[in-house]
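Trainee: Chain Y: place on chain V using the hints.
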Amino acid sequence: MSPDSLPSRCPQCGLALSPDTTQGLCPACLLAVAALPTDPDLETQRMVEADLPTLEDIAAAFPDLEILGLIGRGGMSAVFKARQPKLDRIVALKVLPKPLAATPGFAERFQREGRVLARLSHPSIVMVHDFGESGGFAYLVMEFVDGVNLRQAMRAGRFPPKQALKIIPAICDALQFAHTQGVLHRDIKPENLLLDTSGRVKIADFGIAKILNEKGGDMLLTQSGAKLGTAPYMAPEQIEQPSSVDHRADIYSLGVVLYEMLTGELPLGRFAAPSEKAQVSGGVDDVVMRALEKERGKRQQSADEMKTQIEGAACVPSAKFGAPSEISNRALKLGAAAAGAIFIATNIFLLRHFFQELQQDSLNSALSVLLLNVGVFSLILNLALWLGLVPINRIYGVQSPSTLTSPKRWYEVNAHFGKHAFWWSLAVMGAGIAGFYQLPRHQDAYPWAAITLSLVAVVASVISTLWWMHQHPVGKPPHSQKRLVSWGGQAAVGVVIAMFIKSFIVEAYRIPAGNEPGVTKGSHWLASKIDTGFSIGNLVVYEHDTGQPWLARVERREKDGLMLTRHGKPETFFVKWDKVIGKMLFSHFTPDAFPKP
Amino acid sequence: MTSSFHDTRWTLVSRSRGSDTQAAEALSELCEAYYAPVVAFLRRQGREEDGARELAHDFFAKLLSGGAIEGAKPERGRFRSYLLGALKHFAADQRQKFLAAKRGGGLAPSEMDDELADVAVEMPDAEFDRQWALTLLDNALIDLEQEMAQEGKGQLFSLLKPALTGLSQSPEQENLAHQAGLSVDALKMSLHRMRKRFRASVTRRIADTVGSPEQAEEELQHLFAALRG
Numbered sequence: 152m153s154p155d156s157l158p159s160r161c162p163q164c165g166l167a168l169s170p171d172t173t174q175g176l177c178p179a180c181l182l183a184v185a186a187l188p189t190d191p192d193l194e195t196q197r198m199v200e201a202d203l204p205t206l207e208d209i210a211a212a213f214p215d216l217e218i219l220g221l222i223g224r225g226g227m228s229a230v231f232k233a234r235q236p237k238l239d240r241i242v243a244l245k246v247l248p249k250p251l252a253a254t255p256g257f258a259e260r261f262q263r264e265g266r267v268l269a270r271l272s273h274p275s276i277v278m279v280h281d282f283g284e285s286g287g288f289a290y291l292v293m294e295f296v297d298g299v300n301l302r303q304a305m306r307a308g309r310f311p312p313k314q315a316l317k318i319i320p321a322i323c324d325a326l327q328f329a330h331t332q333g334v335l336h337r338d339i340k341p342e343n344l345l346l347d348t349s350g351r352v353k354i355a356d357f358g359i360a361k362i363l364n365e366k367g368g369d370m371l372l373t374q375s376g377a378k379l380g381t382a383p384y385m386a387p388e389q390i391e392q393p394s395s396v397d398h399r400a401d402i403y404s405l406g407v408v409l410y411e412m413l414t415g416e417l418p419l420g421r422f423a424a425p426s427e428k429a430q431v432s433g434g435v436d437d438v439v440m441r442a443l444e445k446e447r448g449k450r451q452q453s454a455d456e457m458k459t460q461i462e463g464a465a466c467v468p469s470a471k472f473g474a475p476s477e478i479s480n481r482a483l484k485l486g487a488a489a490a491g492a493i494f495i496a497t498n499i500f501l502l503r504h505f506f507q508e509l510q511q512d513s514l515n516s517a518l519s520v521l522l523l524n525v526g527v528f529s530l531i532l533n534l535a536l537w538l539g540l541v542p543i544n545r546i547y548g549v550q551s552p553s554t555l556t557s558p559k560r561w562y563e564v565n566a567h568f569g570k571h572a573f574w575w576s577l578a579v580m581g582a583g584i585a586g587f588y589q590l591p592r593h594q595d596a597y598p599w600a601a602i603t604l605s606l607v608a609v610v611a612s613v614i615s616t617l618w619w620m621h622q623h624p625v626g627k628p629p630h631s632q633k634r635l636v637s638w639g640g641q642a643a644v645g646v647v648i649a650m651f652i653k654s655f656i657v658e659a660y661r662i663p664a665g666n667e668p669g670v671t672k673g674s675h676w677l678a679s680k681i682d683t684g685f686s687i688g689n690l691v692v693y694e695h696d697t698g699q700p701w702l703a704r705v706e707r708r709e710k711d712g713l714m715l716t717r718h719g720k721p722e723t724f725f726v727k728w729d730k731v732i733g734k735m736l737f738s739h740f741t742p743d744a745f746p747k748p
Numbered sequence: 002m003t004s005s006f007h008d009t010r011w012t013l014v015s016r017s018r019g020s021d022t023q024a025a026e027a028l029s030e031l032c033e034a035y036y037a038p039v040v041a042f043l044r045r046q047g048r049e050e051d052g053a054r055e056l057a058h059d060f061f062a063k064l065l066s067g068g069a070i071e072g073a074k075p076e077r078g079r080f081r082s083y084l085l086g087a088l089k090h091f092a093a094d095q096r097q098k099f100l101a102a103k104r105g106g107g108l109a110p111s112e113m114d115d116e117l118a119d120v121a122v123e124m125p126d127a128e129f130d131r132q133w134a135l136t137l138l139d140n141a142l143i144d145l146e147q148e149m150a151q152e153g154k155g156q157l158f159s160l161l162k163p164a165l166t167g168l169s170q171s172p173e174q175e176n177l178a179h180q181a182g183l184s185v186d187a188l189k190m191s192l193h194r195m196r197k198r199f200r201a202s203v204t205r206r207i208a209d210t211v212g213s214p215e216q217a218e219e220e221l222q223h224l225f226a227a228l229r230g
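Chains V and Y, in that order, give the protein sequences.
For the first sequence, the working numbering gives the first residue as 152, with consecutive numbering after it.
For the second sequence, the working numbering gives the first residue as 2, with consecutive numbering after it.
Same shape as in the complex, but just chain V (with noise of 0.2 Å):
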């Protein structure tokens, strides 16, 4: 080869060439052959333009086939079009170096790997046909994707981030389903995410990297110039200590990927967030990052994980949050509609029984109308957090930084505080219509205890939901609950209940003293306090002037209060309403709680 002959571009990189530089040698290839490491076995495996077969070698080496075409060719293995006239199917014919071939140990090991690789059934996975030996050559058949790869499509215009987030959780289940299989990819690049016609992604040449090379990651490095072109995609685990990969690599490799179709560039020294170049969430940026993770142990430990985290991550608007319409929804509005009609329903049926029935006291009718209404409310605003029926907004539901991340995170926050203030709301509702109906027998306190219960609902939902929030922290496995606390929690929210219940419902007292018909000396009872149906001969619990709780019958039902007698005597006693605590539930004698005489 004199260097007149020579053409101006280098055969094997396309470099514009001078013959008057470095003797007529292409200086990129020279440079690449410097930067080869010293393994004999693994130089003699490269595939250069010279070793490329042609199509009359490879139609002579496959009688079967009928060789329609070169498709491409990698720095390791050449790829054909061609036709099974058998089964009229079109089929790519991957062919492996001769030398690479003869390598000792290779046929082992191609038979293992091309057995588990030809089992590797999944719709986001080029499959593979078959595979074998041919006339010299290690071949693979392969299902034909009609399409590009993804190198190709960013070539031709860069990819919109909503079209980059769609592709990738495919790719995530093809790489779950191979993960779970114990199949690797090892060389996830965008040569090797093809695209069909139909848009659809397909991941190729999966495992061929171990096919090629036992110890994984090496012989990539040994390529002409690959080092430069596809170690940016490997995973430092992967370039350092290639024996050691697992899935995790993959999911690294991913990751550059996404980061490369979301701004063009590749994530290389520090790098900028891929929200600073394109429009994608922080939700987006934290996915993306988190895959890029030096230490593997601080990636998505799963393909799963990473698929449900871009999810989630790309149903954010990127724009963070913009006009409360934007973001409304069907149900939104139906629940609006609805709690509106049952607000008003409510309101009119309350107000004419209030009107035309009762004549109350007015503070606390007014206040239990309104916290009727607050429980009414509450119920179904938290009814639609719980059931998740609240998409993700700036108004409606738990608003922290946390929360807006993902839409996943927000379905789990609010769903939690929702279900706790269902709860509560139900229990102010209670209160409400136990106020209205006067059911609690000391009207003074009822105002304060209202208060109260209100006040307690919202703490104790924001307290709970705090607490759950931080033990699940965002995209990490939630802390494990201590026991202590758990109980903790659940105790104070007895004694809440217990207290309220003490308060409004029943009481329990025992009777140090009294010789009433039918009660026994020193029995605990139980007495109701909302219990309005007095009738003669009920035994009540009143507060006497002592300030002690008495016992007494039922003489009569007056306006303001109860005439009561005591010890079966004629002679009767008013007792004003708010003087009388409940009616006796049921009592209870434990002999052995006094001494005996």
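What the hints contain is simulated information worked out from the structure, not anything from laboratory work.
Among the hints, erroneous ones may be present.
Stated by the list, open to error - No more than 30 Å apart at the CA atoms, straight line, and that leaves these computed lysine-lysine pairs for BS3-like:
1. K653/V / K570/V
2. K653/V / K727/V
3. K197/Y / K249/V
4. K633/V / K730/V
5. K317/V / K559/V
6. K189/Y / K249/V
7. K720/V / K710/V
8. K313/V / K428/V
9. K63/Y / K249/V
Mentor: Just chain Y, lined up with the frame of chain V:
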């Protein structure tokens, strides 16, 4: 490669700051080896071939005579960066002198001249790096040729040189083996050895101009990028 890092030419120069004779000698050798990129840079700045050579000569003369070139310090970074920095300052200096002389008075150059002088800086930089890589490869090839010639393998070198960057097609390979009087396997082995020696030569040349093995790796990547443009 790592062990030889203590006494490469560039570490020698940067440690002594060019004051002792050994360091001056090392700097001289380095400058001699990288004459071409300097000329390429000056030509890219719009000078004639002769003018560029003359200026390059002046530049090296000043550098080697120990004349301080403002803004360029040898103790930091690589020889390539150092040389380029020194060259830029030198060239800018010369340009100002030239322009001042042309205007015919001891007038200080206006701000605008500075700006104009800086506009074309990006392109000459890239050309400097590209030429640097080419020079380095050229030198490495010459090293290899000389080494092999000394061993009486000069003819084998010229025979195998075209195949250095890749394996030839099978018939050509056989042809080559026949010409060299070797079997195909022996030919492949010879090629492999030759590549290995070439690699060592390039590595040595790069190591000569940087301060640490990490820098050597970076330098290689940088030069690769410079070549690919």
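Trainee: Holds or violated: K720/V and K710/V, Cα atoms, limit 30 Å.
Mentor: Given that 30 Å is the threshold and the Cα spacing comes to 23 Å, the pair holds.
Trainee: Are the Cα atoms of K653/V and K727/V separated by 30 Å or less?
Mentor: 21 Å, holds
Trainee: Given the hint that K63/Y pairs with K249/V, does the C-alpha gap stay at or below 30 Å?
Mentor: Roughly 57 Å separates the two Cα atoms, so the pair is violated.
Trainee: Next pair to validate is K633/V with K730/V; report whether the Cα-Cα distance is within 30 Å.
Mentor: 46 Å, violated
Trainee: Hint check: K313/V vs K428/V, CA-CA at most 30 Å. Holds or violated?
Mentor: 14 Å, holds
Trainee: Holds or violated: are the alpha carbons of K189/Y and K249/V at most 30 Å from each other?
Mentor: 15 Å, holds
Trainee: Below or equal to 30 Å on CA atoms is what counts here, so check K653/V against K570/V.
Mentor: 25 Å, holds
Trainee: So if I understand the rule, the pair passes when the alpha-carbon distance is 30 Å or less; does K197/Y with K249/V pass?
Mentor: 23 Å, holds
Trainee: Take a quick look at whether K317/V and K559/V sit within 30 Å of each other, Cα to Cα.
Mentor: 17 Å, holds
The structure fails to meet hints 4, 9 from the earlier list, while all remaining hints are met.
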